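Chemist: Dock chains G, Z, F, A and L against chain B, hints included.
6 protein chains.
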Amino acid sequence: MAKHLNKATTLVEALPYIQKFNNKVIVIKYGGSAMIDEKLKLSVIKDISLMKLVGIKPVVVHGGGNKISEMLLKIGKEPKFIQGLRVTDDETVEIAEMVLSGSVNKGIVQLFEQQGMKAVGISGKDGKSIIAKKKLVDGEDIGWVGQIDTINPELIRALIDDDFIPVIAPIACDEDNNTYNINADYVAGAIASELKAEKLIYMTDVEGVMKDVNDRESLISKIKLNEIQNYIESKVIVGGMIPKIECCAESIEKGVSGVHILDGRVEHSLILEVFTNSGIGTMLMP
Amino acid sequence: MAKHLNKATTLVEALPYIQKFNNKVIVIKYGGSAMIDEKLKLSVIKDISLMKLVGIKPVVVHGGGNKISEMLLKIGKEPKFIQGLRVTDDETVEIAEMVLSGSVNKGIVQLFEQQGMKAVGISGKDGKSIIAKKKLVDGEDIGWVGQIDTINPELIRALIDDDFIPVIAPIACDEDNNTYNINADYVAGAIASELKAEKLIYMTDVEGVMKDVNDRESLISKIKLNEIQNYIESKVIVGGMIPKIECCAESIEKGVSGVHILDGRVEHSLILEVFTNSGIGTMLMP
Amino acid sequence: MAKHLNKATTLVEALPYIQKFNNKVIVIKYGGSAMIDEKLKLSVIKDISLMKLVGIKPVVVHGGGNKISEMLLKIGKEPKFIQGLRVTDDETVEIAEMVLSGSVNKGIVQLFEQQGMKAVGISGKDGKSIIAKKKLVDGEDIGWVGQIDTINPELIRALIDDDFIPVIAPIACDEDNNTYNINADYVAGAIASELKAEKLIYMTDVEGVMKDVNDRESLISKIKLNEIQNYIESKVIVGGMIPKIECCAESIEKGVSGVHILDGRVEHSLILEVFTNSGIGTMLMP
Amino acid sequence: MAKHLNKATTLVEALPYIQKFNNKVIVIKYGGSAMIDEKLKLSVIKDISLMKLVGIKPVVVHGGGNKISEMLLKIGKEPKFIQGLRVTDDETVEIAEMVLSGSVNKGIVQLFEQQGMKAVGISGKDGKSIIAKKKLVDGEDIGWVGQIDTINPELIRALIDDDFIPVIAPIACDEDNNTYNINADYVAGAIASELKAEKLIYMTDVEGVMKDVNDRESLISKIKLNEIQNYIESKVIVGGMIPKIECCAESIEKGVSGVHILDGRVEHSLILEVFTNSGIGTMLMP
Amino acid sequence: MAKHLNKATTLVEALPYIQKFNNKVIVIKYGGSAMIDEKLKLSVIKDISLMKLVGIKPVVVHGGGNKISEMLLKIGKEPKFIQGLRVTDDETVEIAEMVLSGSVNKGIVQLFEQQGMKAVGISGKDGKSIIAKKKLVDGEDIGWVGQIDTINPELIRALIDDDFIPVIAPIACDEDNNTYNINADYVAGAIASELKAEKLIYMTDVEGVMKDVNDRESLISKIKLNEIQNYIESKVIVGGMIPKIECCAESIEKGVSGVHILDGRVEHSLILEVFTNSGIGTMLMP
Amino acid sequence: MAKHLNKATTLVEALPYIQKFNNKVIVIKYGGSAMIDEKLKLSVIKDISLMKLVGIKPVVVHGGGNKISEMLLKIGKEPKFIQGLRVTDDETVEIAEMVLSGSVNKGIVQLFEQQGMKAVGISGKDGKSIIAKKKLVDGEDIGWVGQIDTINPELIRALIDDDFIPVIAPIACDEDNNTYNINADYVAGAIASELKAEKLIYMTDVEGVMKDVNDRESLISKIKLNEIQNYIESKVIVGGMIPKIECCAESIEKGVSGVHILDGRVEHSLILEVFTNSGIGTMLMP
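Chains as they are written, first to last, in the UniProt record's numbering: chain B, 1 to 286; chain G, 1 to 286; chain Z, 1 to 286; chain F, 1 to 286; chain A, 1 to 286; chain L, 1 to 286.
None of these hints come from the bench; they were simulated from the model. Any given hint could be a false lead.
[Said to hold, decoys possible] Cut-off 27 Å, straight-line C-alpha distance, at most; resulting in silico cross-link-like pairs (BS3-like, lysine-lysine):
hint, chain 1, residue 1, chain 2, residue 2
1, F, 80, A, 77
2, A, 3, L, 211
3, Z, 224, Z, 254
4, G, 80, Z, 77
5, L, 20, A, 3
6, B, 254, B, 224
7, B, 67, B, 20
8, A, 3, A, 67
9, G, 118, Z, 134
10, B, 118, L, 135
11, B, 118, L, 118
12, A, 74, F, 77
13, L, 135, L, 77
14, Z, 39, F, 134
15, G, 67, G, 20
Here the structure is a predicted model, which is why all the values come from computation and not from measurement.
Isolated chain B, as found in the complex (with noise of 0.2 Å):
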């Protein structure tokens, strides 16, 4: 029975954050350990779902790298990367796309619908969802690497206010039938930043943002908008977290309320960050 009540009173403190959350839409960058482990996969899966369930309006934004560069191999093509971006030539954005829209996209839908959601897997594409141009590196042209030029929301929202959970592949298209692989922590910023999201969470695969990398309490919960140039001076945020922070930073500044950066590879860490007050992770705020 003692076990019946807690349970009990764990679904009703959760209470207040479904309240907060009702009808709101919360975007979701899942990538890293959580699109490859079966077990992490399933538990973000039903995360997302019971979200939807209690009235929140989940955007789900996905990666894929180690997918492409599998496919690649797999061709006999050796995949190339310049300052951490992929040299991305035309048969190379040919696969990634067939990966990203082809595969990814529509497993995740797949597991969706596993679970009785209504999923619809889309990428930049459809719906003009997505106008890119290229990025360069150093002045340099590395391929079909884009950067976001416009997000063009009509086709999401319709997604949305006809009940489905969108669930988007990064990859867009210009006026001129090019296709741009763009990284996926943009995508879902610029898209979260467009519908005015009440949060945007970044699954990663670290703990979050910590002051020493090895002392797991050192883990900082929250940074407000104004410390994050200190802690770029005292480097404690460094190497590849500076972009993923500067992004993050944007998406703020351009109304989301909250952004999240949580550990992916903690099982149920969204229903966590979300539902109860053991929020985990890092989170940046106005």
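Modeler: Showing chains G, Z, F, A and L alone in chain B's frame:
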């Protein structure tokens, strides 16, 4: 961390139940100890609030007989009962209406609003929601005790559609400007039938139907319509439980999917019944 | 035949008034003799029913102080007043709520329904329609006498849109679960302001504002906002009429087009005021 | 004051009638003296305006035969009739259309608008509302005299829904681009049937059906469908009244609740019929 | 086969034009030869029907002066003009209204319906769409010649929304029950302005504005607002074209995107103008 | 000028066809040469764009078998077929999905968007639109080749209602998380049936059904359902055309008004079929 995970798991386990009852009407007959004990009161209000927030459409019908007796005593009038029914003269029905529609009803509304919910308290007079006629006891007139003639669901539906929780006092009217006090069990049953509710839940002060009232383990979890007669003949269902069960049976016949007799003395029994597999009490089903 | 023609002419003469008030909200403060005398009661209910039927949106706010005193006496408690305000301890406010929300309110609803109209009785607690705070008398706490903090018109508007006549008891709540009894004149004024009503009509037991109270001919038909001060200084408006007039003035300032002080002792005074050029009583205008 | 009270009483007495006809369609065949005498004209327009304002949906079908003859004479053409039907050659039907659709129709519209109402004048050609075919007289072709083939109510319903009073000229078309003049009595009957009108009212120049045409007291107030044959056989219904009554009977059979033959020479006869118990004229009922 | 391909190519070439004008209002002033010659008439009706079917919202305003004169002559009345404006006494305006609203207007409606389209013929009296006042000629009253005071677009918008083609006769009313005949050019201009039409097209009996009226090659295809004055000063725009051009200019200033002066004597000139790059006539633009 | 007139005439001649198909759903199976040749590709996209713009609701189902084989070869896997069906092991279905849903599908979407249209590419997995089960060949399992179990049209209808052109890849799912490749002909037929499409058009690489395949003149324009058996028996319909015709016949039986077998190698064959009387290919009808 294990505790956190436990919490998350509990929430995720509620997923199929939330899915199942999404957008469904659940009528709750609220009465007994759960209306008196302050802790249980808050537990019920929170449970129903959670139901509302996750997409269920709860309708609350309340009793309040003991409060009527208290008030009668206050004005120096001794409550009188015949066969368990209150002898209800003109003065008594006036007091009953004041207490139920004016005090108990608005008190429940206020508790919901404390939880941030939108509730509206009505009686069967509002929108002519409940039309009654006199109920005789063995052919004898014992005053303004009513039996339901017609339920007019227009106002209740309008309040549900406008996103309020309707809270209903068991007071009815007739075409001749009379006022009736009606047993809240019957009101809940008739409203659940009219609304084709998914569930009708009676909060009582017993644990359910038990084969042996002294043996908690003998609780019968499910009773099918066609088993009732047997249980009555074999004296499992006896006394005051007989009319209650007959009232449940009628609702099932009129299209309510399931009727539950819950122990309102157990904290969060509503949540446990609706959102977990720890269903407690007795369920009647077709 | 001449009689017939007369009837028809009267109906046709109402045409421009019906046109003028079509779809407009008119708030009626219902109180005084018109709530006690059976004939007057029926006359008011029929008048408001006619208003509703010809396309006006009436909202009724009622008082009922004398009924509270009656009930208090019944339970052996002497009503007490300070400066015309009822001293309202815990027991008194409980009785006040029961009488107003449970008895008077539902009685009015029932009368409308006898006329074939759809009405709904609510108090300021329903839908958190009226939030109040304590009103002090010369800095002194006399109990649960409230002054209006906020009107939340959502429920009232929903009822109007769903084609019901809202009937409102002057009981309010606050965020701390307290109950307040408020002067119905203020409630009517605040609701009329919030709804930007076309008219606010006070049914009183006087003929209106008179230059000489003993001379019926001295009735002042129209008072402009900027004349009020003069009338007070010249002792035309005196005593209890002063706060009433100030309350009217405030509604005008907040956008109500006209406020009427009507003699509720005259049968069908509402109809005469609204649908004929035989306007009676005193009208305040910008 | 007594006069005032009288007025108010008359208005209040209209309440049940307003209630009864709320949102109902009433089709009025407007013709005879009521279309010629200036005072009667205004009386009819005001009566219909009142009907509209209190929630009735009036549809006006007008005649205008005398105006056609006037115009024919003006261009030097002698009107000719066979069995009461106008011999209608090409030139005649052109004049008939111009007079009915262009002059009479728009004149009525303009009178409504003078009263502040929104009206729209159409003929059976607009929205293909009336499709006709040739009507033969004893097998003989007398020109463009039509009988109704189909009523297409789409435009009329759209105008009603958009809150206009439709004013309809009895001109029809066919699939071959021909124009027909149709008896307005038939048009009114067919439209009332198609719209399932609550009432169909014929404004005529007689007092109704009378047992003895010279004895005003012999007026028959109500005739049931199954009594018609008797009245014809017993020569109470004779001559031109026979086809009119048969046309009324057909509308009743097709679902119109009541058909009235009113004396249009009596001022405000419409109002008296619809809003008082002083019903005048003869009513046909199922 | 080549012929077939040609056809298909033509249809496909219309694509960008259809796209451009989708859901846009285009007001067509229909008059001149195109209203007289049977072949041209059918060509115009078909052109407008095509426009409607591909998603454009056409509004037709027609003239009909010559028909008025014919009818006047028929009743033995000599038409009289001062400065090109018809002297319009009481009898004349009555004839004008009959001819325009009753004959010409309904004739156009019927032609549309022959093509399977839904059309409704109204005059400025219907729904009080056009309110006018007297137009004086050099300060002199020449009768019921009107100038536009107000356009009330409610009825026209309702007809467009209900999917009808509105066909409008240039007859207007005032508040004093008078009837006015108005120049259809002005009516078309005012309605296009009020509806913020995409295009306003005048079907005329000239080829457009020409530098040399005897040289077809000298047609000016486009005139910008700021060039008009020059063209007038240099005598390119002369005589009756001056007021027409000024009327066009006013519409442009009020928000119409383009005004066209088309040669209505050319078959399918409307289609050519709207759906091909073979634009003919003169276009005025901002 | 004659050329201009020709153009206009062609456009006007399309009028009855546009009228006929207004608001109707037309399902197009897009495949064969029309998907490979760049010029034909553009011609199809423009034709469907025109259809959409003139009020038709096109739904596109595409194939892409040759692209799958290309990709398989790229990863060093030899495509294998049994009785014309691709042997589809796990790796093959993964490649098939990537190619169809990720590459071909999005390529078509992009072409529509180049034309200014709004398109959305989905597969049968999105919104669980196509549920399939395994198709056996003579009782033998050849892998993930599916046959349709259920079409769930909710998402397709939502996209149509939101004004997008749905572009559908023939990939389906089942309840056990499997992926199927389905013949696009069957998918088009089943979707047309479910949507009760007006037309179903197969773009093929033949001219239609011919009595003598070597004689273009022997093309059969129309085949009625009850003639099919004869044509099969008389060897007019042979080989691969038999299942295609049977699939057409089934759609007709389920309510599609007409099914067309079009020669996709002819430029603008879609336009010619739908908008002109130059219908080409073979039509099956009830």
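Chemist: Indicate, hint by hint, whether the structure satisfies it.
Modeler: Structure-based check of all given hints:
1. 80(F) <-> 77(A): holds, 25 Å
2. 3(A) <-> 211(L): Within the cut-off at roughly 25 Å; holds.
3. 224(Z) <-> 254(Z): It holds: about 15 Å lies between the C-alpha atoms, which stays within 27 Å.
4. 80(G) <-> 77(Z): holds, 25 Å
5. 20(L) <-> 3(A): Roughly 23 Å between the alpha carbons, so the hint for residue 20(L) and residue 3(A) holds.
6. 254(B) <-> 224(B): Within the cut-off at roughly 15 Å; holds.
7. 67(B) <-> 20(B): violated, 37 Å
8. 3(A) <-> 67(A): violated, 43 Å
9. 118(G) <-> 134(Z): Given that 27 Å is the threshold and the Cα spacing comes to 23 Å, the pair holds.
10. 118(B) <-> 135(L): The hint holds at about 26 Å.
11. 118(B) <-> 118(L): holds, 22 Å
12. 74(A) <-> 77(F): The hint holds at about 11 Å.
13. 135(L) <-> 77(L): holds, 22 Å
14. 39(Z) <-> 134(F): Roughly 62 Å between the alpha carbons, so the hint for residue 39(Z) and residue 134(F) is violated.
15. 67(G) <-> 20(G): With a Cα-Cα distance of about 37 Å, the restraint between residue 67(G) and residue 20(G) is violated, given a limit of 27 Å.
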